[in-house]
Amino acid sequence: MALLSKLPNRTAGPSCICNLARWSRSQNKTINRTLANNANSTPLLQTPLYDLHLAHGASMHPFAGFSMPITYETQSIIESNKWVRSQAGLFDVSHMVQHIFTGKDVTAFLERITPTDVRELAPYTGVYSMFLNNNGGIVDDIIITKHTDDKYYIVTNAACRAGDLAFLQEQKKLHGLSDISHEILEEWGLLALQGPRAAEALQGLTEFDLTQLKFGNVGLVPVKGGKYWVSRSGYTGEDGFEISVPKEETLGFTERLLGESNSVVKLAGLGVRDALRLEAGLCLYGQDLDETTTPVQASLSWVIGKRRRLEGGFNGYEVIAEELKNGTSRRRVGFLSDGPPAREGSKIYEETGVKLIGVVTSGLPSPTVGRNIAMGYIEKSFMQRGTEVLFDIRSRKRTGTVAKMPFVPPKYYR
Amino acid sequence: MSYQKNILMVSTRLAAVRSRLPVAARSAKFVPLLSNRFYSKTTPKTIAPLFTVSRNTPSTSLSNVRGRRSYINGSDEETPEGLRYTEEHEWLALEDGNLAVIGITGYASKALGDVVYVELPSVGASIVAGEPIGAVESVKSASDIYSPVSGEIIEVNEQLDKKPGLVNAEPYRRGWICKILIKDTTELESMMDNNRYQTFIASS
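The listed protein sequences derive, respectively, from chains A and U. For the first sequence, my numbering gives the first residue as 183, with consecutive numbering after it. For the second sequence, my numbering gives the first residue as 3, with consecutive numbering after it.
I should point out that these hints are in silico values taken from the structure, not numbers from a laboratory. One or more of the hints may lead you astray.
To be verified - List time: in silico DSSO-like cross-link candidates among lysine-lysine, alpha-carbon distance up to 27 Å:
#1 Lys396/A with Lys264/A
#2 Lys448/A with Lys593/A
#3 Lys579/A with Lys165/U
#4 Lys112/U with Lys264/A
#5 Lys537/A with Lys286/A
#6 Lys586/A with Lys264/A
#7 Lys264/A with Lys164/U
#8 Lys164/U with Lys579/A
#9 Lys354/A with Lys537/A
#10 Lys185/U with Lys264/A
#11 Lys537/A with Lys586/A
#12 Lys264/A with Lys593/A
#13 Lys355/A with Lys286/A
#14 Lys112/U with Lys448/A
#15 Lys409/A with Lys448/A
Only a predicted model underlies this, so the values are computations on that prediction, with no experimental measurement involved.
Could you build all of it, start to finish, from the sequences and the hints given here?
Below, the structure written as structure tokens:
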């Protein structure tokens, strides 16, 4: 059995520079643990597509308590990256948590715990947002989709499940909002179909005119066998769809999508997903964002609604208003470099190599750009595009420059 | 620590290296170590020496010899016989008693995925067994390469600068990483042969 490419660093633990043997041994141990369902450790959860992944030669690896496909044996990460950006890739992201909130107090509740203009959000539209704590720190990054003023669909990160549920419980009590029903679509499937030919592939399965669904819109799309909520969204920078499917129907729908697309759609794993999202300049919670980071520091001020900036009324407003007015000491920026890639944890120095000015939070060689890309936090005075910096990589200083994100221009369907 | 590409400096170093070679090699007509391009005319079937140590073979002209370097029988899929292996998944091919060629195994390169960058050691560096001498990077990970032996780096595979993918495509052929002049051949005794390496992989 082939060994696995390394996971997003957050779940793998130690720094990315690792002894080949130690790393490969730990990978194998993990595979064995997955297969053996060792009584000493909690067995890993499986998505509805677990068997399908194995049948397609996936290298499975633990991620957020699930056994997830990282790569498939038919394509390397580089090949898969090129495929998603030229054809269509299908990602199983069923491990993510799908929430339904219903009730008259939901809008007010979401306006307290996020900086989004939830009240004015158009029906059947979704936006990128975040849960905030009292210090303005990001508890998790999320997608909020409004169906109606009384019904919302929210997707949160798998690895943050326990923290998010505790946060939501505590916030409901704190703000004394009672007319809120919270349901989790347990074990439901969530599929992300991404790429320039995604629309063509999905259109083949439905009469619903997908040209009516613009980026951010959601619609109930009938396909043979059911009706599924499909949003024109994704986390790769490509045009695409995220489809929420009941547990029992996920496998059938996926097989139809793969089978009837004339080989346009190929399965893609979490390994390439990480490369694609970084190329699109998108953050990974736990690496690029955490509870000590505010949206302003994370260069995500655009998430804060205009009305919200003036009126406030959300967690951490005092901190964030002050940062919006007077700036922050550090900001998230992008980097380009050549030679060895600067990865998570690499220290950043200014060009004489003396002063430590920041740290890389994500980085890898970009298959699309052909250079190394990275994102990280840097002292505000160095954040201008084109600023020369030095990365400490294996005790050597390597040059890089501050660069504009996204590294690959988005192709959202608008 | 940048390795020198200047031919003049390399040939000075060669002179120093030659003086440490076994006597037979020193005085034979052999192809200098100047560049990867200079091989024996015969296509080697087994582990090929870098230079032939026979007085009967006509000396090869520097300018027009081409040939394929190969350290193995058979395809790149199999772990070759005749090489030595480490638990860190490096292979070592020994030539003329104390010249070691180092690379990483197909097992390791397959695990890494597409190699996009190889950090090579510097020519002339003095190495102690177990010391990291470079790294191999794929999209998702970076792994250190450890030298199984002590000695001096006398050549690095500069092809890997432009074609790091050779580590995946030909881990035992054109994907070799560096050559070390060994001080102490007893260090080789603790390395694994092909059978033991296969067992090691299977059990880990």
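* Asked: Honestly, which of those hints from before does the structure not fit?
  -> Numbers 5, 9, 10, in rising order.
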